[in-house]
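Residue strings, one per chain:
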Amino acid sequence: MISLSSINVTFESSSQTVTAVQDVDLQVDAGDVYGIVGYSGAGKSTLVRVINLLQRPTSGSVEVNGQDLLSLPPKELRAARKKIGMIFQHFNLMNSRTIFDNVDYPLKSSKLSKRERAQKVNDLLELVGLSEKRNAYPSQLSGGQKQRVAIARALANDPEILLCDEATSALDPKTTLSILKLLKKLNQDLGLTIVIITHEMQVVKEICNKVAVMEAGRIIEQGDIVSIFSSPQNALTRDFINTATHVEQTLEKLALHPSLVHLKDNDILCKISYVGDSTSEPVISALTARYRVTTNLIFANVEILQQTPIGNLIVVMSGAASDLEAALQYLQSIQVTVEMIDSRYLQNSKVGDPV
Amino acid sequence: MIDFFMTYFPNIWSSREDILLSTYETIYMVAVTSLFSVLFGILLGVTLVVVDKGGILENRPIYSVVEKIINLFRSIPFIILIAVVVPLTRLIVGTSIGMHAAIVPLVIGIVPFYARQIQNALIEVDPGIIEAAQSMGSGPIEIIFRVYLKEGLAGIIRASSVTIINLIGLTTMAGAIGSGGLGSLAINKGYNRFQTDVTLVATILILILVFVCQFIGDYFTKKTMR
Numbered sequence: 001m002i003s004l005s006s007i008n009v010t011f012e013s014s015s016q017t018v019t020a021v022q023d024v025d026l027q028v029d030a031g032d033v034y035g036i037v038g039y040s041g042a043g044k045s046t047l048v049r050v051i052n053l054l055q056r057p058t059s060g061s062v063e064v065n066g067q068d069l070l071s072l073p074p075k076e077l078r079a080a081r082k083k084i085g086m087i088f089q090h091f092n093l094m095n096s097r098t099i100f101d102n103v104d105y106p107l108k109s110s111k112l113s114k115r116e117r118a119q120k121v122n123d124l125l126e127l128v129g130l131s132e133k134r135n136a137y138p139s140q141l142s143g144g145q146k147q148r149v150a151i152a153r154a155l156a157n158d159p160e161i162l163l164c165d166e167a168t169s170a171l172d173p174k175t176t177l178s179i180l181k182l183l184k185k186l187n188q189d190l191g192l193t194i195v196i197i198t199h200e201m202q203v204v205k206e207i208c209n210k211v212a213v214m215e216a217g218r219i220i221e222q223g224d225i226v227s228i229f230s231s232p233q234n235a236l237t238r239d240f241i242n243t244a245t246h247v248e249q250t251l252e253k254l255a256l257h258p259s260l261v262h263l264k265d266n267d268i269l270c271k272i273s274y275v276g277d278s279t280s281e282p283v284i285s286a287l288t289a290r291y292r293v294t295t296n297l298i299f300a301n302v303e304i305l306q307q308t309p310i311g312n313l314i315v316v317m318s319g320a321a322s323d324l325e326a327a328l329q330y331l332q333s334i335q336v337t338v339e340m341i342d343s344r345y346l347q348n349s350k351v352g353d354p355v
Numbered sequence: 356m357i358d359f360f361m362t363y364f365p366n367i368w369s370s371r372e373d374i375l376l377s378t379y380e381t382i383y384m385v386a387v388t389s390l391f392s393v394l395f396g397i398l399l400g401v402t403l404v405v406v407d408k409g410g411i412l413e414n415r416p417i418y419s420v421v422e423k424i425i426n427l428f429r430s431i432p433f434i435i436l437i438a439v440v441v442p443l444t445r446l447i448v449g450t451s452i453g454m455h456a457a458i459v460p461l462v463i464g465i466v467p468f469y470a471r472q473i474q475n476a477l478i479e480v481d482p483g484i485i486e487a488a489q490s491m492g493s494g495p496i497e498i499i500f501r502v503y504l505k506e507g508l509a510g511i512i513r514a515s516s517v518t519i520i521n522l523i524g525l526t527t528m529a530g531a532i533g534s535g536g537l538g539s540l541a542i543n544k545g546y547n548r549f550q551t552d553v554t555l556v557a558t559i560l561i562l563i564l565v566f567v568c569q570f571i572g573d574y575f576t577k578k579t580m581r
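In order, the protein sequence lines correspond to chains A and B. Residue 14 in the numbering used here sits at position 14 of the first sequence, and the numbers go up by one each step. In short: position in the second sequence from 1, add 355, done, that's the numbering used here.
It is worth saying that the hints were derived from the structure and are not from the lab. A couple of the hints might just be wrong.
Claimed, not checked - Result set (DSSO-like, lysine-lysine): computed pairs, CA atoms no more than 30 Å apart in a straight line:
no. : chain 1 : residue 1 : chain 2 : residue 2
1   : A       : K111      : B       : K577
2   : A       : K114      : B       : K505
3   : A       : K133      : B       : K577
4   : A       : K133      : B       : K578
5   : B       : K423      : A       : K114
6   : B       : K505      : A       : K133
7   : B       : K505      : A       : K120
8   : B       : K505      : A       : K83
9   : A       : K108      : B       : K578
Unchecked claim - From the structure, some residues in chain A lie toward chain B, with a derived Cβ separation under 10 Å:
no. : residue
10  : L77
11  : K83
12  : I84
13  : G85
14  : M86
15  : L93
16  : N95
17  : N135
18  : Y137
19  : A156
20  : A216
21  : I220
22  : G223
23  : V226
24  : A326
25  : Y330
Yeah, the Cβ is synthetic: ideal placement off N, Cα and C, and Gly gets one too.
This is chain A alone, in the form it adopts within the complex (with noise of 0.2 Å):
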């Protein structure tokens, strides 16, 4: 559907040269829902303007359902956009327009007449939940109705592939979930193709099948979103991925608050994380049970992706050292992956060290 190939965007200032996407490769399958992830400055918003040509890459191809949109002439390329819809972070509704000539913008050039347009535009602000708005104007709406209306307007002219640029990072969180439900749903419906840049993990979590992490315009890692949570190549993807579990969230507190964890001699610290299966083994009870081992647990996150359970727990496992060292093979007999947690990490902190 998309594919992106040796892509490298260099801008050029008198000053400097600055390579803003370096030798990047991005295949998007039709249906899919592919989350770019990085930091401010990655060069994710670049990206993704090369799929539409906003932006011309300095090399590489580019071809989208199925044509090379590098070689097309300006018309063709106008042409083919229309069916590449794109929405932005801060919305770009034309403030002049009321919500109903937004949507209608696209249609003008089309081959409908000014009744079938009417009720396209009508069955749009339906399908985003808009239809009373159709009259009032962009600066009379919230950020969410803003991005909605954006959404239908982008869907005008029955595009395959939906661009989203940064769209739920100027939203709250409640907004944010029900744009990415809205997102999802076209999705399922339409079996729109999605591409979502966003900084933040949990965006992607929420709606995205596959994902691609950038940093400093090359691509870092990419693969199916369950492969990636479960075990990250990338420092960076870690931590990501930490964010959005709160895994590095409890790390910092804990680390604040070292009391919380009352480390014995014997005592391990550590990160247990498992993919599916292993979390219909109860691996809490087994381990007590089975190896006199108890643990304190101090923090559980499970994420549902794409129908698979991924969990994070952070626990204080005591027992006798070689009950603890059976235990620890048992885990890794069941793929359970334990992360030591460096318990001086800890107590060094000079934050919050008891006085």
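Since the structure of chain A is already known, use the hints to place chain B on it.
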């Protein structure tokens, strides 16, 4: 009342036809010049915006040529400009004297100013909206007419009312080439013949024109602001 009028404004009644004619001439010059200016000013203003760096038809050479010409003409004092363009005026109008002849220097004098005002108004249009239009497959012409000129309308109206007020000022100077109008009335009758009351009335009439333009401009600016 009549005594008061005859004492302090002795020349008004006898000059009433001149005053009316002059007012008409000023309005005529402003109106016709405005028509041409809107055409050329918006054309140049839009050109500056679309060929500017990052514009939808980026073209640095064109930008720098147009910008330099505009700056050049803005730098010439109007009273000198009137004299400089006399050959052109003769070529177009056939004469260099009178109300019609004044239109030529007036257009040349005001268009650069107006073009800059239009440029500033259109730069205010959120680049994100332009990008959204491009992503929807709009071409340059469509973006100019359906996005820039529509989204920038409030700014364009504000720029127009400022320009017209400036233009009223310029018409008074056109009196130097016998254009007529309230400016030349104030100088030729009021100043040269010591009829101070005529000068005063001409001033008041100019002020009324300015206020009316300002009011209309503000009204429509407010109406189009969203």
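(request) Quickly compare the C-alpha distance for A:K111 and B:K577 to 30 Å and report which way the hint goes. (result) violated, 35 Å
(request) Compare the distance between the alpha carbons of A:K114 and B:K505 with 30 Å, and conclude whether the hinted pair is satisfied. (result) Distance ~21 Å between A:K114 and B:K505 Cα, so the pair holds.
(request) Using 10 Å as the Cβ threshold, decide whether A:L77 counts as touching chain B. (result) holds, 8 Å
(request) Measure nothing beyond the straight line between the CA atoms of B:K505 and A:K83; if it is 30 Å or shorter, mark the hint as holding. (result) holds, 25 Å
(message) Given a cut of 10 Å on the nearest C-beta pair, is the interface hint for A:Y137 held or broken against chain B?
(response) holds, 5 Å
(request) Closer than 10 Å between Cβ atoms is the bar; does A:Y330 clear it against chain B? Give me holds or violated. (result) violated, 55 Å
(request) For the hint on A:K83, just tell me whether its beta-carbon gets within less than 10 Å of chain B. (result) Because about 9 Å separates A:K83 from the closest Cβ in chain B, which is inside the 10 Å limit, the hint holds.
(message) B:K505 and A:K133 were given as a pair; does the straight-line alpha-carbon distance stay at or below 30 Å?
(response) Holds - the C-alpha atoms of A:K133 and B:K505 are around 21 Å apart, at most 30 Å.
(message) Would the hint on A:L93 be counted as holding, given a Cβ-Cβ threshold of 10 Å to chain B?
(response) holds, 8 Å
(message) Can you verify the interface hint for A:I84: is its Cβ closer than 10 Å to any Cβ in chain B?
(response) holds, 7 Å
(message) Can you verify the interface hint for A:A326: is its Cβ closer than 10 Å to any Cβ in chain B?
(response) Because about 60 Å separates A:A326 from the closest Cβ in chain B, which is outside the 10 Å limit, the hint is violated.
(request) Mind checking the CB of A:N95 against every CB in chain B and telling me if the closest is under 10 Å? (result) holds, 4 Å
In this structure, the hints that do not hold are numbers 1, 5, 17, 20, 21, 22, 23, 24, 25, in rising order.
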